[in-house]
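Chains as they are written, first to last, in my numbering: chain A, 5 to 113; chain B, 5 to 531; chain C, 257 to 631.
None of these hints come from the bench; they were simulated from the model.
So the derived list for chain B, only partly shown, Cβ under 7 Å to chain A, looks like this:
1. 108
2. 123
3. 265
Glycine included, each C-beta is placed from N, C-alpha and C at the ideal position.
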Amino acid sequence: MFDIQEALKNIGPYVEEADDDLLVCRCEEVTKGEIRRAIHSGLLTIEELRRFLRCGMGLCQGQTCGSLTRRLVAKELHVPVTDIEVATSRSPMRPASMKTCGLDEKGGE
Amino acid sequence: MKIEHKELIVIGAGPAGLSAAIEAASRGIQVTVYDENARPGGQLFKQIHKFFGSKEHHAKIRGFKIGDELLKEAHEKGVEVVLNATVMGMFAQKEITVMINDEVHHVKGDAILVATGASENMVNFRGWTLPGVIGAGAAQTMMNLHHIKPGERVLMLGTGNVGLVVSFQLLQAGCEVVALVDAAKNIGGYGVHAAKLARTGIPFYLSHTIKEAEGDDHVTGVTIAEVDDHFQFIEGTEKHFDVDTICVAVGLSPMAQLLKMDGVGMKDTRGGYVPDCDETGATSIPGIFAAGDVTGIEEASSAMIEGRMSGYAIAEYLGYMTKEEKDAKEEELDQSLDALRQGMFAPKNRGKEITKTEEDILISTNLLKHGFVADDEISRFPGFVHKAAIHPVIECTQNIPCNPCQSACHKGCISIGENMTSLPISVKESTCINCGMCVASCPGQAIFLVEEHEDEDYGLITMPYEFLPLPEVGDLGHALGRSGKALCEAEITQVRAPKSYDHTALVTMKVPYHYIDLARFYKKGDE
Amino acid sequence: MKADVIIIGGGIVGSATAYYLAKRGVKDIIVLESSASIGHGASSRNGGGVRQSGRDVRELPVAMLAVQKFWPTLSEELGVNTEYTQEGNLRLGKTEAHMKKLNQLADNCKAMGLDVRMVDKQEAHTINPYLSDDVIGASFCPTDGHANPLTTTLGYYMKALEMGVHFYTHAKVKGLKKIKGKVSEVIMSDGEVLSAKTIILAAGYASRAIMNTIGLDIPMDDVIDGCIVTEMEPKMFSQMLGTAAADFYGHQTHHGSFVFGAVAGPEAYMDIPPETTNFAHPDTLGATCRAVEGYIPALARSKIVRSWTGWCDCTSDGVCVLGPVEEAPGLILACGFNGHGFGTAPAVAYMLAQMTCGEKPLLDLSALRYERFYD
Numbered sequence: 005m006f007d008i009q010e011a012l013k014n015i016g017p018y019v020e021e022a023d024d025d026l027l028v029c030r031c032e033e034v035t036k037g038e039i040r041r042a043i044h045s046g047l048l049t050i051e052e053l054r055r056f057l058r059c060g061m062g063l064c065q066g067q068t069c070g071s072l073t074r075r076l077v078a079k080e081l082h083v084p085v086t087d088i089e090v091a092t093s094r095s096p097m098r099p100a101s102m103k104t105c106g107l108d109e110k111g112g113e
Numbered sequence: 005m006k007i008e009h010k011e012l013i014v015i016g017a018g019p020a021g022l023s024a025a026i027e028a029a030s031r032g033i034q035v036t037v038y039d040e041n042a043r044p045g046g047q048l049f050k051q052i053h054k055f056f057g058s059k060e061h062h063a064k065i066r067g068f069k070i071g072d073e074l075l076k077e078a079h080e081k082g083v084e085v086v087l088n089a090t091v092m093g094m095f096a097q098k099e100i101t102v103m104i105n106d107e108v109h110h111v112k113g114d115a116i117l118v119a120t121g122a123s124e125n126m127v128n129f130r131g132w133t134l135p136g137v138i139g140a141g142a143a144q145t146m147m148n149l150h151h152i153k154p155g156e157r158v159l160m161l162g163t164g165n166v167g168l169v170v171s172f173q174l175l176q177a178g179c180e181v182v183a184l185v186d187a188a189k190n191i192g193g194y195g196v197h198a199a200k201l202a203r204t205g206i207p208f209y210l211s212h213t214i215k216e217a218e219g220d221d222h223v224t225g226v227t228i229a230e231v232d233d234h235f236q237f238i239e240g241t242e243k244h245f246d247v248d249t250i251c252v253a254v255g256l257s258p259m260a261q262l263l264k265m266d267g268v269g270m271k272d273t274r275g276g277y278v279p280d281c282d283e284t285g286a287t288s289i290p291g292i293f294a295a296g297d298v299t300g301i302e303e304a305s306s307a308m309i310e311g312r313m314s315g316y317a318i319a320e321y322l323g324y325m326t327k328e329e330k331d332a333k334e335e336e337l338d339q340s341l342d343a344l345r346q347g348m349f350a351p352k353n354r355g356k357e358i359t360k361t362e363e364d365i366l367i368s369t370n371l372l373k374h375g376f377v378a379d380d381e382i383s384r385f386p387g388f389v390h391k392a393a394i395h396p397v398i399e400c401t402q403n404i405p406c407n408p409c410q411s412a413c414h415k416g417c418i419s420i421g422e423n424m425t426s427l428p429i430s431v432k433e434s435t436c437i438n439c440g441m442c443v444a445s446c447p448g449q450a451i452f453l454v455e456e457h458e459d460e461d462y463g464l465i466t467m468p469y470e471f472l473p474l475p476e477v478g479d480l481g482h483a484l485g486r487s488g489k490a491l492c493e494a495e496i497t498q499v500r501a502p503k504s505y506d507h508t509a510l511v512t513m514k515v516p517y518h519y520i521d522l523a524r525f526y527k528k529g530d531e
Numbered sequence: 257m258k259a260d261v262i263i264i265g266g267g268i269v270g271s272a273t274a275y276y277l278a279k280r281g282v283k284d285i286i287v288l289e290s291s292a293s294i295g296h297g298a299s300s301r302n303g304g305g306v307r308q309s310g311r312d313v314r315e316l317p318v319a320m321l322a323v324q325k326f327w328p329t330l331s332e333e334l335g336v337n338t339e340y341t342q343e344g345n346l347r348l349g350k351t352e353a354h355m356k357k358l359n360q361l362a363d364n365c366k367a368m369g370l371d372v373r374m375v376d377k378q379e380a381h382t383i384n385p386y387l388s389d390d391v392i393g394a395s396f397c398p399t400d401g402h403a404n405p406l407t408t409t410l411g412y413y414m415k416a417l418e419m420g421v422h423f424y425t426h427a428k429v430k431g432l433k434k435i436k437g438k439v440s441e442v443i444m445s446d447g448e449v450l451s452a453k454t455i456i457l458a459a460g461y462a463s464r465a466i467m468n469t470i471g472l473d474i475p476m477d478d479v480i481d482g483c484i485v486t487e488m489e490p491k492m493f494s495q496m497l498g499t500a501a502a503d504f505y506g507h508q509t510h511h512g513s514f515v516f517g518a519v520a521g522p523e524a525y526m527d528i529p530p531e532t533t534n535f536a537h538p539d540t541l542g543a544t545c546r547a548v549e550g551y552i553p554a555l556a557r558s559k560i561v562r563s564w565t566g567w568c569d570c571t572s573d574g575v576c577v578l579g580p581v582e583e584a585p586g587l588i589l590a591c592g593f594n595g596h597g598f599g600t601a602p603a604v605a606y607m608l609a610q611m612t613c614g615e616k617p618l619l620d621l622s623a624l625r626y627e628r629f630y631d
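Please build the complete structure, drawing on both the sequences and the hints.
Right under this line is the structure:
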């Protein structure tokens, strides 16, 4: 069992940093400060951060910022990066138009 | 819903995917390779430099030529290679969806090999989203595939092999590289790659990183600063460069999303977040294999061997090979792979501080900090000798798995021995015939031919040269030292570029005798 | 470990109930979430509908209560943007048979006092100019709408956390235990025993196995459902859409992306363990795109950036189970939401808090009680 109140107590309160306005996710324009604040409000996993802030949910689906976010969360939680579960991968791997995706009954021609 | 069926689906036509496809097809398996790019070959087709390794690893052959060879072989073996084909999803029962020409196809395979390679990492400094900040791989694609110069003045962040190799290619493309910068304390890539940049005069800034990219709608400048042990900027150490391009080479991440999507067991390693697979690439799901960078970042040479191993394992899985046959092949390849995974930069040595070579020689710290072996360090290495008659001087000072120089010389002037990571020895007793093959074959461009005329107070230095236009006999200019500093006047006495040198020209310059141990590059004109 | 209230399930119902309990001054509240994240199940993976129309009459009062009393002020109350948008629900028809079905549904709702009216082709196209010419009419419920399930669920969670609720993730419950006739212990999979005066079971389909440990059962199945998400688009329309043929539903989010849900057919028969995070069916994406294109042709060029799959806890009679259980005092059930629990969650959670505190809930919930399966 992972005690969230305890974890929040251990990492201490959110303290503003000079580069909190740096962009982490450029597709959805999410800053380092927004992510750090959300972590200190109890969103301790990449999945929750994505759901709340949309970081990693844009056109590139986190290809660019995935590892940046992972490192940031690990640093904020004072744990090794490998403790932070990476986001779920979902199809399609590359953005594709609705028309294209819908043209799959012809598969195999 | 129509579903196409294939015996083996390979996702990614890079070195690993093609190598696996060739081995599988050789055993009679019907193979289809999908690649989302317009050209097959993966990273190989961007790699215009000569490869390290030994003959079995395609050493001294340029990457794109290896790609051509693989592709030719794949076609000969009947492998179907489908380009502009993006695999969008991977599902239960080995079904994939592939987007081809704006249509989605459903395809199932008896086996699937995922060889999707890696994507470039990014760092987010202030201004990182400005146009003009690009990945080193993207720069390589622009130059080597599309023949476009990424910019005029470039700063490179990252001194791993990618950063070093791409910086050299930027120079070859006619860009000015103003500096190489790395937050690490030591240069991460091969010393020989760094040295060929340093001697053109490019400064290295270790323990430095980018503070800010400047510009309104495009990069116009960059400020770097020194960082302390905790990677925090040290006040007052800022340095500014006017650049229009910032190239980022801060590592690669395996593109393992398809495997994760499919429910394959994953693990975290130093090489990245990768499928949990055995050496043949067999994952936790029977029939699904992975090979190449997607299983952990390494060189293309290793990816090709991994791909072949997977090819055999797949042949066994599909009943085209007995287990004994597969095991025998695997053992053979294991040795070849093992040979590549030796030396100072071996995966097992990542993160370790190495102070001495395998020969118990103190390594060059200047090489790690500044990109070149200091003039007072070079004489302790076995490639450095003095004699009047022409002889090779091999400035190869780190143990890396590479030995083409040894076989390039038929006169026994260069000796590495059985262990391919050993430092090459310049054998003083042997007689060099000035054929130049060693100079041209060294992927690190670390071999020079030196002729010492002490009585007449001059020396002739022959160096590898891969820039256009080539100097011409009679040209006057300056000899540069290992640091790129102009040392003395120099005259070009010979320029050779026969086909056998494979586009590495050999340029000979005449310098005063005093400079024969110091002069390692030539620059035309006054400065 | 002891608590006043233990809530099993860190979804929207669990998190919101914890919030309403804390707001009432209940001090010692534990929420147990078996996965790594809050809102892991259908709470995050749903189409965001805040809808009354088309509901079963047993559930409709709960949906109406949620829309009237909770949704309009929820963003302000939680301090997060729930993106609640009350611009109506259009249920589209393409054939006379569709229209007949829509009429019937509308009549059911009207009988319960909900404003649902039939609109002709012209009016439907005025409300939503992007509809295909094939749409010949629709039913329209102006007080329906949509919200963001992700920010709403996490909004409840963060607020409850701030108020001192103890949330545990990676907290797998093995079962319940009656002590002297009262359900008062929660047995964790690692053997740890927690006890509380009241235990609320809001663990979606996983509730079934947990209630089985004290001899209770609900005829319930886990059914897979999925959605597709487009890239950000300029604002096009703000209604929630559904169809008489039930071939897709969805809306445009405040962010600009569209979220559409549909199934190809075989999804419901997939054999996937519930703890799996990703188990899309290869046919869902294409089928959903074709369905959407059939109603909103202008979206054909819009790019899909991802698709996701979740599972619904579907009961045999199509509505949830809500309230205490006669044969298991101490336990309150809140599960079986059949894939449309998001919109009702605030009202459900509020009433769960009332019941926990021994109060009579705002609505008569007898039609949703556990015993209905065995009467």
